[in-house]
Every structure is written in C-alpha cells, then in structure tokens.
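A.B. asks: Work out the full structure, taking the sequences as your base and the hints as a guide.
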Amino acid sequence: MTDVPPGYFLALAGLMFTIGVIGVLVRRNAIVLFMFIELMLNAVNLVFVTFARMKGNIDGQVLVFFVLVVAAAEVVVGLAIIMLIARRRASANVDDVRLLKW
Amino acid sequence: MPLDIPAVRLTGIAPEIALCATALLLLVIDAVLGERRNRWYLPALASIGLGLSIYFATEAWGTTRLELSGMVAVDGFASFVKITLAVFGLLTVWLGRDFLVRERAEEGEFYGLVLFAVAGMMLMAGAADLIVVFLALETFSLALYVLVGFRRRSLLSQESSMKYFLLGSFSTAFFLLGIAFVYGAVGSTNLYGGEDGPGIVSSFMATGASDVGLLILAMGLLIVGLGFKVAAVPFHMWTPDAYQGAPSPVTGFMAAGSKIAGFAALLRLLDVTLYPLREDWRPLVIGVAVLTMVVGSVLAVVQEDVKRLLAYSSIAHAGFVFTGLIAANDRGVSGSLFYLATYGITVLGAFAVVAVLSGRDDEKVTLRDYRGLFYDRPLLAGALTLFLLSLAGVPVTSGFVAKLVVFGAAIQEGYWWLAVVGMVTSAIAAFFYLKVLVVMYMQEKETEDAERVRSGPLSTGVIGLAALATIVLGLYWGPLIDVAERATLFFAGG
Amino acid sequence: MSLPAYLPVLFLVILSTLFAAGSMFVASKLSPAKWTAAKVEPYECGIEPQEGGVPGGERFPVKFYLLAMLFIIFDIETVFLYPWAVAYDELKVFGLIEMLVFVAILVAAYVYVWRKGALEWAE
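Chains as they are written, first to last, in the numbering used here: chain F, 1 to 102; chain S, 1001 to 1494; chain A, 2001 to 2123.
Keep in mind that the hints were calculated from the coordinates and are not lab data. Keep in mind that a hint or two might mislead.
[To be verified] Far from chain F by the CB rule (all over 12 Å, computed), these chain A residues:
1) Leu2012
2) Lys2039
3) Phe2074
4) Val2103
5) Gly2117
[As the list claims (entries may be wrong)] Partial list, derived from the structure: chain S residues whose beta carbon lies under 7 Å from chain F:
6) Ile1131
7) Met1162
8) Phe1165
9) Leu1166
10) Leu1176
11) Gly1184
12) Ala1430
13) Leu1468
14) Val1472
[To be verified] Not close to chain A: a few residues of chain F, all C-beta gaps over 10 Å, as computed:
15) Leu10
16) Met16
17) Arg27
18) Arg28
19) Met35
20) Leu39
21) Leu46
22) Val49
23) Arg53
24) Lys55
25) Phe65
26) Arg89
Backbone N, C-alpha and C define an ideal beta-carbon position, used for all residues, glycine too.
C.D. replies: Structure representation (structure tokens):
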C-alpha cells in the first residue's frame, strides 16, 4: 500500500475547520452552533494526528486524548446550559435570546 | 520497551492540588450532609483550602525550575500570580456567602466551582507546555460558564451563560488550532524544551529546527484564544453580556481572575518564549491594544447599566495592561503584574458594593437606582467613589500608580505614542466614572426602596479590605512593586 | 496500493446490496398489499403514537438527558485507562497508585452525583 501524502489530511482538516467556522457564523440554533464547534475541535484533532505522523513522534496522538476528554466535558456543560434555557423557552434559537444586546 | 518513569515532584502544583482536593471534599460533604439551615462550614472549608494554596505558593517563592517532565514552571512569576489569585478567591468566597444566603442558592456548588476556577487560573500561570495551558484554560472556563448562569431564577443570567459558553468554546477551537500549528512547527508543544525533547525556546537556539512561518501563524491563533479570555477587542463581544448576567460576586471574580490568568499566559508566551519573534507579534498586539483602549473607553460612556459600564471599563483596562506587555521589558512585566493585582482588588471591591446595592435577585443595577445614593447610604457610596476613582487612575489611589508604571515601561521602550493613546483614553474613561459620581451625589432619589438589603458582615469586610488596599497601595506602593519586580525572574529555559 | 487486497470488501458490498434489494423485491411481489390505518402509523416499538403529537411521539423526560450526559462524562474518562493498561508492566506500583488516585476522584464525583439524586429515575 502506498501512503496518502500528509498534505491531503491537512487539507481535509482545513476544510473541516472552515466549514465549522462558517457554520458557527451563519446558523442560529444553539445546538447546531455547538455541533459546528465540535467539528472545529475534530479538525484540530486530525491536524494533531497528521503532524504526529509527519514528525514521527507520538505526542500528537496523546494530545488528542486530552482534547477528546475536554470536549466531552464541554459538551456536558454546554448541553446543560442550553437545556436549562430550552425548558423555559421551548426554543434553542439564539435569535430568541435577546434579553441582552449582542 | 523500557520506559522511564518521570520523577514526580508535586511541589510545583501543590497550590492547585490543595484547591482541587478541598473542592472535591467540599462537594462530597455538602452532598452527604444535605440541606441544612446554616452551612457555615462550607465557606470555612473553602477559605482553609485557599489559605493552604497561599502557603504552598509562598513555599515555592525563590525557586526557578521546571517540574513534571517540563510541563510546569516553578518560578517567582507563577508564585506571584498564584498568591494574587488565591486572595481574589478568598474575597469571592466571602462575598458569595452573603449573596448565596440572601438568594437561597446552592452553596456547595458555588464554592466548589470557585475553587476549581482558581485552580485552573493558577495552572495557567505556571504552565510551561501549551497543552497544560489548554487544560488550565478549559478548567477555569467551564467553571465560569456555570457560575455565570448561577442565578437560576433569572433568564438573563442563563442567556448570558449560553452566550459566554458558545463564544468561549468558539475561541477555544482557534486556540487549539494554534497549539496544533506550534506542534507542527516545533515538533512539541513545550514552551522551553530541554533534554526531554524540543520546545519553542530550544528550537530558536538550533537554527532551522522550526518552521518560523507556521510558528507566526500559530502565534496569531494563540493570541486570539487568550485575547478572548482577557476581553481584548475584537474578541470582547461576550464581556458586557456575561458581566451583566452573572451574579455580581461572580462578575467581580471574572473581571479580576480571568484577566490575570489570561495575561499570565500571554506574558509568559510573548515576553519570554516568543521574545525572539517580538518584531512579528508587536504590530499585531499593538493594534489589539489600541483598539481595546479606544473601544472600551468610548462605548462605556453610553452605558446605563452599572455592570455593563464596569464591563466596558474592564475592556479598557485590558488595553492598558497590553501596553506593559508590549514593552516586554522587566518593568513592563512587573508593571503588568502590579496593575493586574491592584485592578483585581479594586474591581472586586466595586462589584462587592454593586452586589449589596442591587438587592434581591440582583436586579437594581441601572444608573437610576444609584440616584442620591450618597444621602441614602453614605458609606457604600464613599467606598464606590474610591473604587471608581482608582479605576479612573486618580492620584492617591492604586490605579494611578499602576497606570504610571505600565505607561512608563512603554515609554522606556520608545513607545511613547502608545502611552499617549493610553492617557487620552484614560481621560475619556474618567468621564463615565464621573457620570456615576454625579448621579450618586448630585441627583435626587426617585422612589423609596420597598425593601433594603443590608450589607452582611462578610460583604462589609470585603469592601473594607478592598478600600484599604486601594488607598494603601496608592500611597505606599513600594513593597508590592518590589515583589512584582522580583517576580520577573522567569524560568527562561535552556 | 494493491487492489486485490480490497476485493473481499467489494464482494461484501455487492452481496449485501443484492441481498437487501432482492429480499425487498421478493417480499413486495409475494405479500398481499392491504393498507389499513394501523399500518401507515409511525412505528414506535408497539406503543400507540400520541394523539395530535408530532410524529415521533412525546418528548423524552429531561432525566433521560441528565443520565446520558453523566454517562458521557464518566465514559470518556476511561480513555485514560487504556494507555495505563498498555504500559502497566513498566509502570508497576507507581502506575497503580496514580490510577487509584484518578479513580478516587471519579468516585468522589460519583458520590456527589448519587447523593444529589441525579441517578433517581422515579419521581
């Protein structure tokens, strides 16, 4: 089997990260926004693994563990906050959140 | 495969361990004992934990080395920041106690989260590896997201929590991409590097060991992530909302704590490890600093809500600290530390007054509610006057000395025009602090309060201590400046 | 890249597609087509769909999300057990103590969650 050039992985990660950024900027549902942020984190994970392979050391793969765990903690806290609001409002749309000025 | 077990000396993170252990113990005790009428033992335990962490941080004063396989730096800089943070934590716990009893909110979770947040902030100060910076950043951010939404009955509080959370995790993703690029450029995420492996500092010494272009890109992304935490423009959007929605004691803690933690990481990153690249990061940071000072000061003028006003003031103050950071000399670093410590105490005092005045449900926070305050509650009005004058940088207060030191450092490096921008924006800022004073002293009170919240003994104590510190450090700043100067003995690497 | 190595995968894809399509085709030819009201209702594990509710039925109780979130957080922590298990032979007692401390922190969290009543399913 031949190797896929690492540049391809980086390009894919760059694409994923960009989709995430654009998604956060254009979508309005808090949960969807949050999913795009998770996409950005996963793009970074791919960058870590790719660099780990290019550099030939395993540090990058270890870092992914930490990112995964932190992302999970973030998901739990974030969903709890979103759920608290959704239960009172029956909506997760960030445009409905307008007690505060943006 | 033989595996070297790294030597583990926990002295480097003893303050953080003390705090996390206390927080866990506190949460378990609270959960096991259940609902009781007076849970005085919880703030007492939290205070003991914070006291222990001050003790451990003082023990580490004077040593300069890396620990835990080069992951954590133990140096004067870290100790200074850790002790300051523990003091902020103590003030917050005491202030929070009165607030929680008044609002009948969950006590155990509040103290636990404050302790976890302080531990995360402390870890930022000593972090010698970007992944540790990331973990520390997330530890204190997650705790703060929850603390901001702590007023369960208030939809405003929960909405501000959601906004802070979404924007915060968005900026974290950029920060993380920055770490990934550093890893790609250097082959490790360590700031210093050494026998264990490469790092940013050691890669500069060996020419050609790193990809400088990628490193500069990474640097920009890291500044975005940390700039968000210190509320620098253009990453400040969350600040007014989060400050307004959060319970007042938490707002004070956020303003004081996340600012010093974010700047601690920025100072170590830019002024120490990336010092050789200073000609590359300076233009970027100068742009951010000027924008921050101008936007913060100008937008504060039109605010009608005292907490939003203090939020914009906090943005402007981030800009002033940036001038010290840009100077990147010893005086700049020690000046920034002095600035952050005195600003933190003053702003905690200001929010302590706001917490008492805003009454039940933390609701009376508009300027209208402050009309004629001096004739109604002269002592609180007097304390708030002192804090506002210090934030404005009027002589005989600590805020004046702090501004003098950071602007002096910038002038010393030839950035006199940056100091001029700082002074002009300070003058604009003085206008809105004066506006509050005019409302308090020269306007008539409109309506009588239906019920009036008395300042509890702990709140009074916090306000008194903060006022005392503001005056004493304004007159007799020498000792703290000396300590801050000795705190610039970084672990420099190599 | 050696294509022959992927031939089994190709066969599997073709076979499974053929089987799925084939059985659906045969079923549609052999079975009598009688549409009743019950048959066009959305399928919900034998439970009758709610009157006037959205397709998909009632809302899940919030407790379900709470449990799911607690599961995620405890579940992901086990990721740290894997590298420890792999390096266990070299780490010896040191690793064991480290892991005991780690698990003790999780137990503290568990006690907290349990005593706060987050695991109670009934009202």
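A.B. asks: Compare the structure with each hint and give your call.
C.D. replies: Evaluated hints:
1. Leu2012: holds (19 Å)
2. Lys2039: At roughly 33 Å from the nearest Cβ of chain F, A/Lys2039 sits farther out than 12 Å, so the non-interface label holds.
3. Phe2074: Incorrect as stated: the minimum Cβ-Cβ distance to chain F is 10 Å, not above 12 Å.
4. Val2103: For A/Val2103, whose nearest Cβ neighbour in chain F is about 15 Å away, the distance exceeds 12 Å, so it holds.
5. Gly2117: Fine: 16 Å to the nearest Cβ keeps A/Gly2117 off the interface.
6. Ile1131: holds (6 Å)
7. Met1162: holds (5 Å)
8. Phe1165: holds (5 Å)
9. Leu1166: holds (6 Å)
10. Leu1176: holds (5 Å)
11. Gly1184: At about 4 Å, which falls below the 7 Å cut-off, the nearest Cβ of chain F leaves the hint on S/Gly1184 intact, so it holds.
12. Ala1430: Hint violated; S/Ala1430 Cβ to chain F Cβ min 25 Å, cut 7 Å.
13. Leu1468: violated (35 Å)
14. Val1472: Since chain F brings no Cβ nearer than about 37 Å to S/Val1472, farther than 7 Å, the hint is violated.
15. Leu10: Non-interface label stands for F/Leu10: nearest chain A Cβ at 21 Å, farther than 10 Å.
16. Met16: F/Met16 is indeed farther than 10 Å from all Cβ atoms of chain A, at 21 Å.
17. Arg27: holds (21 Å)
18. Arg28: holds (21 Å)
19. Met35: holds (15 Å)
20. Leu39: holds (18 Å)
21. Leu46: Non-interface label on F/Leu46 holds, nearest chain A Cβ at 17 Å vs cutoff 10 Å.
22. Val49: Label holds. Min Cβ-Cβ 15 Å, cutoff 10 Å.
23. Arg53: holds (18 Å)
24. Lys55: holds (19 Å)
25. Phe65: violated (6 Å)
26. Arg89: Nearest chain A Cβ is 14 Å from F/Arg89, so the label holds.
Violated hints, in rising order: 3, 12, 13, 14 and 25; the structure is consistent with all others.
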